[in-house]
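J.: Chain by chain, the residues run as shown.
There are 2 protein chains.
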Amino acid sequence: MDNISGKELKAMSMEELENLCGRLRTQIIGSVMENGGHLSSNLGVVELTVALHYVFDFPKDKIIFDVGHQCYAHKILSVRADKFSSLRRRGGLSGFPKRSESEFDCYNTGHAGTSISAALGIAKARDLSGENFNVIALIGDGSFNNGLVYEAFNSLKQLKTNILIILNDNGMSISPTVGSMHEYLEALKNDVEERYHKNRRAGIFERFGLEYDGVYNGNDVAAMISELKKVKEKLKDGSVILHVMTKKGKGYPLCEDDPEATHGIADSCSIGTTEYSEVLGEKLTELAASNDKIVAVTAAMTGSLGLSQFFEKYPDRSIDVGICEEHAAVLCAAMATQGYKPYYAVYSTFLQRSFDGIVLDICSQNLPVTICIDRAGVSGADGETHQGVFDLSFLTFIPNLTIAVPKDISEFAAMLEFSATYQGPLAIRYPRACSHEFGGNNDIEIGKWEISQKGDCSVAILACGERALTRALKSSGCIQESCGKAPAVINARFVKPLDYRMLEGLKESNIVTIEDNMLIGGFGSMIASYYSDSKRTVKIFAYKDKFIEHGNVEELMDSYGLDVNEIVAYIKTLI
Amino acid sequence: MDNISGKELKAMSMEELENLCGRLRTQIIGSVMENGGHLSSNLGVVELTVALHYVFDFPKDKIIFDVGHQCYAHKILSVRADKFSSLRRRGGLSGFPKRSESEFDCYNTGHAGTSISAALGIAKARDLSGENFNVIALIGDGSFNNGLVYEAFNSLKQLKTNILIILNDNGMSISPTVGSMHEYLEALKNDVEERYHKNRRAGIFERFGLEYDGVYNGNDVAAMISELKKVKEKLKDGSVILHVMTKKGKGYPLCEDDPEATHGIADSCSIGTTEYSEVLGEKLTELAASNDKIVAVTAAMTGSLGLSQFFEKYPDRSIDVGICEEHAAVLCAAMATQGYKPYYAVYSTFLQRSFDGIVLDICSQNLPVTICIDRAGVSGADGETHQGVFDLSFLTFIPNLTIAVPKDISEFAAMLEFSATYQGPLAIRYPRACSHEFGGNNDIEIGKWEISQKGDCSVAILACGERALTRALKSSGCIQESCGKAPAVINARFVKPLDYRMLEGLKESNIVTIEDNMLIGGFGSMIASYYSDSKRTVKIFAYKDKFIEHGNVEELMDSYGLDVNEIVAYIKTLI
Numbered sequence: 003m004d005n006i007s008g009k010e011l012k013a014m015s016m017e018e019l020e021n022l023c024g025r026l027r028t029q030i031i032g033s034v035m036e037n038g039g040h041l042s043s044n045l046g047v048v049e050l051t052v053a054l055h056y057v058f059d060f061p062k063d064k065i066i067f068d069v070g071h072q073c074y075a076h077k078i079l080s081v082r083a084d085k086f087s088s089l090r091r092r093g094g095l096s097g098f099p100k101r102s103e104s105e106f107d108c109y110n111t112g113h114a115g116t117s118i119s120a121a122l123g124i125a126k127a128r129d130l131s132g133e134n135f136n137v138i139a140l141i142g143d144g145s146f147n148n149g150l151v152y153e154a155f156n157s158l159k160q161l162k163t164n165i166l167i168i169l170n171d172n173g174m175s176i177s178p179t180v181g182s183m184h185e186y187l188e189a190l191k192n193d194v195e196e197r198y199h200k201n202r203r204a205g206i207f208e209r210f211g212l213e214y215d216g217v218y219n220g221n222d223v224a225a226m227i228s229e230l231k232k233v234k235e236k237l238k239d240g241s242v243i244l245h246v247m248t249k250k251g252k253g254y255p256l257c258e259d260d261p262e263a264t265h266g267i268a269d270s271c272s273i274g275t276t277e278y279s280e281v282l283g284e285k286l287t288e289l290a291a292s293n294d295k296i297v298a299v300t301a302a303m304t305g306s307l308g309l310s311q312f313f314e315k316y317p318d319r320s321i322d323v324g325i326c327e328e329h330a331a332v333l334c335a336a337m338a339t340q341g342y343k344p345y346y347a348v349y350s351t352f353l354q355r356s357f358d359g360i361v362l363d364i365c366s367q368n369l370p371v372t373i374c375i376d377r378a379g380v381s382g383a384d385g386e387t388h389q390g391v392f393d394l395s396f397l398t399f400i401p402n403l404t405i406a407v408p409k410d411i412s413e414f415a416a417m418l419e420f421s422a423t424y425q426g427p428l429a430i431r432y433p434r435a436c437s438h439e440f441g442g443n444n445d446i447e448i449g450k451w452e453i454s455q456k457g458d459c460s461v462a463i464l465a466c467g468e469r470a471l472t473r474a475l476k477s478s479g480c481i482q483e484s485c486g487k488a489p490a491v492i493n494a495r496f497v498k499p500l501d502y503r504m505l506e507g508l509k510e511s512n513i514v515t516i517e518d519n520m521l522i523g524g525f526g527s528m529i530a531s532y533y534s535d536s537k538r539t540v541k542i543f544a545y546k547d548k549f550i551e552h553g554n555v556e557e558l559m560d561s562y563g564l565d566v567n568e569i570v571a572y573i574k575t576l577i
Numbered sequence: 003m004d005n006i007s008g009k010e011l012k013a014m015s016m017e018e019l020e021n022l023c024g025r026l027r028t029q030i031i032g033s034v035m036e037n038g039g040h041l042s043s044n045l046g047v048v049e050l051t052v053a054l055h056y057v058f059d060f061p062k063d064k065i066i067f068d069v070g071h072q073c074y075a076h077k078i079l080s081v082r083a084d085k086f087s088s089l090r091r092r093g094g095l096s097g098f099p100k101r102s103e104s105e106f107d108c109y110n111t112g113h114a115g116t117s118i119s120a121a122l123g124i125a126k127a128r129d130l131s132g133e134n135f136n137v138i139a140l141i142g143d144g145s146f147n148n149g150l151v152y153e154a155f156n157s158l159k160q161l162k163t164n165i166l167i168i169l170n171d172n173g174m175s176i177s178p179t180v181g182s183m184h185e186y187l188e189a190l191k192n193d194v195e196e197r198y199h200k201n202r203r204a205g206i207f208e209r210f211g212l213e214y215d216g217v218y219n220g221n222d223v224a225a226m227i228s229e230l231k232k233v234k235e236k237l238k239d240g241s242v243i244l245h246v247m248t249k250k251g252k253g254y255p256l257c258e259d260d261p262e263a264t265h266g267i268a269d270s271c272s273i274g275t276t277e278y279s280e281v282l283g284e285k286l287t288e289l290a291a292s293n294d295k296i297v298a299v300t301a302a303m304t305g306s307l308g309l310s311q312f313f314e315k316y317p318d319r320s321i322d323v324g325i326c327e328e329h330a331a332v333l334c335a336a337m338a339t340q341g342y343k344p345y346y347a348v349y350s351t352f353l354q355r356s357f358d359g360i361v362l363d364i365c366s367q368n369l370p371v372t373i374c375i376d377r378a379g380v381s382g383a384d385g386e387t388h389q390g391v392f393d394l395s396f397l398t399f400i401p402n403l404t405i406a407v408p409k410d411i412s413e414f415a416a417m418l419e420f421s422a423t424y425q426g427p428l429a430i431r432y433p434r435a436c437s438h439e440f441g442g443n444n445d446i447e448i449g450k451w452e453i454s455q456k457g458d459c460s461v462a463i464l465a466c467g468e469r470a471l472t473r474a475l476k477s478s479g480c481i482q483e484s485c486g487k488a489p490a491v492i493n494a495r496f497v498k499p500l501d502y503r504m505l506e507g508l509k510e511s512n513i514v515t516i517e518d519n520m521l522i523g524g525f526g527s528m529i530a531s532y533y534s535d536s537k538r539t540v541k542i543f544a545y546k547d548k549f550i551e552h553g554n555v556e557e558l559m560d561s562y563g564l565d566v567n568e569i570v571a572y573i574k575t576l577i
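Protein sequence lines correspond, in order, to chains A and B.
Whatever position you read off the first sequence (first residue = 1), add 2 for my numbering.
Whatever position you read off the second sequence (first residue = 1), add 2 for my numbering.
It cannot be assumed that every hint is accurate.
Put simply, identical chains are the same to the list, so a pair is met inside one copy or across any two.
[Claimed, not checked] With a straight-line cut-off of 20 Å between C-alpha atoms, the simulated EDC-like cross-links for lysine to aspartate or glutamate are:
1) K509 - D535
2) K537 - E510
3) K238 - E262
4) K574 - E506
5) K231 - D501
6) K159 - E510
7) K62 - D318
8) K234 - E483
9) K509 - E20
10) K232 - E419
11) K574 - D560
12) K162 - E262
13) K295 - D129
14) K509 - E213
15) K537 - E506
16) K191 - E208
17) K191 - D215
What the hints contain is simulated information worked out from the structure, not anything from laboratory work.
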């Protein structure tokens with residue numbers, strides 16, 4: 003598809019606009035099938051996006067996409083159609099809004115619930131500067147569960163500024179949306195009496211200073227244009243929430259039928275076969291059979307965390323709180339005070355939201371909550387906002403917390419066995435998929451590492467997790483080949499506590515560490531600190547101090563600090 | 003006051019109960035005046051607490067105190083009256099609920115908004131175990147702004163469990179409560195028509211599955227007993243929110259007149275004279291006069307952060323969002339995208355709530371937001387939940403972020419000057435009060451340290467911040483005295499970026515680092531990592547991997563890792 007200017011779009015007839023929607027869908031499906039990405043959320047908002055571009059004047063007007071995983075049609079319509087086939091590829095278009103990519107992207111998003119706060123900040127700045135443009139937050143009903151939305155609502159009147167919130171209601175987070183706000187939205191959609199009362203008296207939204215306007219069919223481009231025109235007028239007098247219904251996956255039968263499964267389409271460059279999430283689901287379901295204190299808690303992504311089976315088998319002991327990571331952490335801590343054994347499963351990047359709850363609620367109370375951290379390390383094509391490369395750095399310094407990193411899925415299963423009787427806070431971090439099983443022993447004992455390979459030179463490589471161990475063994479192999487001797491390779495399966503006995507035993511060796519995490523504050527830094535007052539050298543291979551953009555996982559790992567060639571070259575200088 | 007058993011209390015007449023309230027007030031005022039602590043919040047809930055102990059059966063029934071700064075009467079009434087004079091002293095009673103202290107404290111709190119999530123977790127566990135007791139969350143209207151409350155509300159129906167929420171409405175956070183939820187509560191209190199409608203149709207709370215009951219005078223013990231008895235019955239059928247009005251500071255004229263100033267009474271062992279917050283207020287007000295892009299954002303503690311003057315002088319550029327630290331961070335980032343220069347002032351401990359916003363909204367977008375981190379380091383008598391000892395550890399690994407740590411208030415003022423034209427994300431962390439001015443130069447240049455004292459031996463001490471520099475110079479003095487030569491002392495005023503040129507220059511020295519932060523992931527760890535592949539020794543003096551309980555600041559600093567004697571003893575081994 004060629005680039006279309008705003009002027010060209012605004013000159014189109016309804017028929018041409020409907021046609022355009024069809025072409026957008028085709029282009030989105032084509033690129034996502036090729037490069038992976040968010041399919042069903044983007045298909046759902048095609049008509050809405052066309053209508054927005056028809057009625058508003060971007061980039062003068064500003065639109066913030068909550069989460070940002072529904073911005074594809076917007077990208078195509080804002081002078082990026084010709085680049086769209088590069089979506090999610092390194093150096094190509096990001097799958098999320100990026101200020102650095104286009105002036106049409108005014109605010110970067112990635113995690114749920116920030117759009118209304120961001121819209122308020124932009125609108126407040128506009129007012130202070132005496133400028134005149136519209137600010138729009140486009141947010142799904144899943145994000146609507148997040149506490150940040152409420153915090154923003156709560157300060158809307160106080161800030162005395164006008165914004166438009168478009169509530170894109172498709173009944174789904176990644177999992178189906180849960181909670182009372184969802185119920186309320188359903189009532190507004192389905193209950194005539196509710197709407198009648200609503201029109202007579204202030205509802206929840208009016209309390210927060212928003213004029214409520216809904217419900218409209220967001221997949222009808224003509225209706226959307228007509229409503230948005232009216233809303234644009236209303237915005238001169240105050241803030242408006244426009245409630246539209248869209249069909250997630252609209253126009254592509256596979257997606258319409260199973261929007262959860264097609265929320266994210268994996269790119270063809272994904273590595274590994276068996277997903278760690280499958281092992282979590284199977285093992286936890288098995289453990290729960292003999293331990294009725296085990297409960298599972300997720301934040302709106304039960305399926306992708308592997309827990310559908312558990313949720314089906316133990317509905318009473320399964321809680322999906324919606325996109326509420328703070329609440330999830332506190333809820334787990336509280337259940338643990340009563341003798342329960344909660345497993346909080348979450349993607350590494352979203353765990354950032356639970357930080358305060360992990361520090362205070364879980365760890366300062368020293369409660370036996372197990373945090374299962376999925377998609378840890380470089381996660382690839384989703385880019386900056388989704389890389390799981392910070393978790394070791396934001397967990398290692400929390401007292402009472404034990405941190406385990408499995409070398410493969412078998413060891414992960416063994417760690418889950420271990421966790422069932424472990425009496426304190428425990429975090430287990432793992433990438434999406436396992437590409438190799440290493441064998442060896444899986445006898446998990448707290449703070450004990452495994453010697454994966456004995457060495458015959460003065461170097462020991464401490465590898466933290468599957469990806470690191472793969473690189474360590476590969477490096478060792480190269481060195482064996484060229485030098486005739488090889489470093490020892492150690493599976494450092496606990497980042498906290500460290501295996502102090504083994505570290506003492508290594509006092510004659512030069513140490514090399516490898517990890518799929520930031521260098522600052524990670525595993526290698528802990529080793530460097532441990533040996534800091536001795537004359538030992540520790541060389542840390544971990545990620546440079548930069549945000550990691552979207553791209554192929556292996557390529558990104560190599561460029562940001564884990565290149566085997568560099569590891570080999572360094573070790574050769576020691577031998 | 004002697005310990006009173008629940009049985010004794012339940013046998014008292016109304017007159018005796020009123021009498022008891024008087025004695026509780028006297029004891030609370032006495033201990034707080036002696037040991038410091040939260041005065042007005044505790045005085046406000048005396049009658050409510052007595053009524054709760056009269057009607058409910060603790061510890062079988064569970065009560066969670068939101069924030070926890072209003073639990074003094076509860077502590078006195080739960081077999082701790084005889085220990086109450088030890089309040090907030092090391093080894094004595096904590097000023098917050100502590101499970102380790104008493105079975106009457108079922109859940110530790112410290113940060114706002116966790117109580118409803120915690121109550122839900124405990125109630126859900128109770129239901130799963132088939133037990134039978136009541137679970138109560140006591141929460142103030144200030145905490146009610148926090149997004150966590152909404153997240154918990156949103157999952158209340160879904161969890162199918164019954165809890166009692168007591169909304170203790172005194173119109174105050176630490177600052178007066180702001181926001182639309184506050185307006186709604188005011189309407190419920192003051193507007194007869196509102197209450198009339200409320201009783202006829204579902205309001206906000208009913209939407210979330212709560213029966214609303216209010217408004218009652220929480221300072222009337224007889225009325226409270228009568229209402230709580232009725233509510234206890236209702237709890238058999240569902241969850242209830244009981245809205246009570248109390249007077250913050252009730253019974254003590256000084257507090258009633260100025261509850262913000264008497265929210266926290268400083269303990270007599272506080273160190274330092276001029277508060278950093280005063281400097282922030284003065285300097286920022288001055289800078290804002292010539293820079294109309296400067297805005298100040300706080301989360302419900304404008305006064306204690308020193309910003310009252312700024313807020314008065316520049317109301318349009320001042321935003322107190324209420325206890326919404328996540329929202330504050332996003333709002334700042336968004337304003338910065340529009341050319342504004344936001345200063346987000348916050349206590350170190352509460353900044354934990356903004357973590358995800360700092361990583362993604364502020365730093366991944368590389369926006370010029372300045373985070374002014376007050377009460378950094380050991381903060382003393384408030385204990386585990388309020389020590390500001392984690393911030394360096396959770397900030398150092400965030401790309402794009404510059405971190406500055408002033409040696410004293412003059413240098414802090416100079417850093418604020420520097421910040422006004424700095425174009426990226428910047429964090430400045432400082433303790434509450436400055437006890438000493440060091441002189442020297444205050445020419446702030448990014449990543450440049452200051453040599454505070456040239457040495458004449460092979461040791462260099464890198465000190466990060468006022469408290470560290472004080473200890474470094476003291477240690478150096480002791481060594482000079484006993485060894486006749488002294489280490490160099492360096493004011494490491496930037497933790498990020500480090501002064502790499504100076505670090506290169508120190509390659510002949512043994513390095514000692516001192517910081518008022520956790521050892522893991524802090525300043526010393528960065529230095530250890532920097533030198534890790536050389537044969538240099540780095541000895542890190544920082545806090546051990548434990549939560550730091552309440553007590554005197556200097557004593558805690560000494561016991562947890564910054565004892566000058568230990569520093570001196572170590573350095574002597576090097577000379």
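J.: Each hint: holds or not?
T.: Going through the hints against the structure:
no.	hint	result
1	K509 - D535	both (12 Å within a copy, 14 Å between copies)
2	K537 - E510	both (10 Å within a copy, 13 Å between copies)
3	K238 - E262	neither (38 Å within a copy, 38 Å between copies)
4	K574 - E506	neither (24 Å within a copy, 24 Å between copies)
5	K231 - D501	neither (65 Å within a copy, 56 Å between copies)
6	K159 - E510	neither (66 Å within a copy, 61 Å between copies)
7	K62 - D318	neither (50 Å within a copy, 24 Å between copies)
8	K234 - E483	neither (69 Å within a copy, 76 Å between copies)
9	K509 - E20	neither (71 Å within a copy, 69 Å between copies)
10	K232 - E419	neither (59 Å within a copy, 47 Å between copies)
11	K574 - D560	within (19 Å within a copy, 44 Å between copies)
12	K162 - E262	neither (38 Å within a copy, 25 Å between copies)
13	K295 - D129	between (54 Å within a copy, 12 Å between copies)
14	K509 - E213	neither (68 Å within a copy, 65 Å between copies)
15	K537 - E506	both (13 Å within a copy, 17 Å between copies)
16	K191 - E208	both (17 Å within a copy, 19 Å between copies)
17	K191 - D215	within (11 Å within a copy, 29 Å between copies)
Checked against the numbered hints above, the structure violates hints 3, 4, 5, 6, 7, 8, 9, 10, 12 and 14; every other hint is satisfied.
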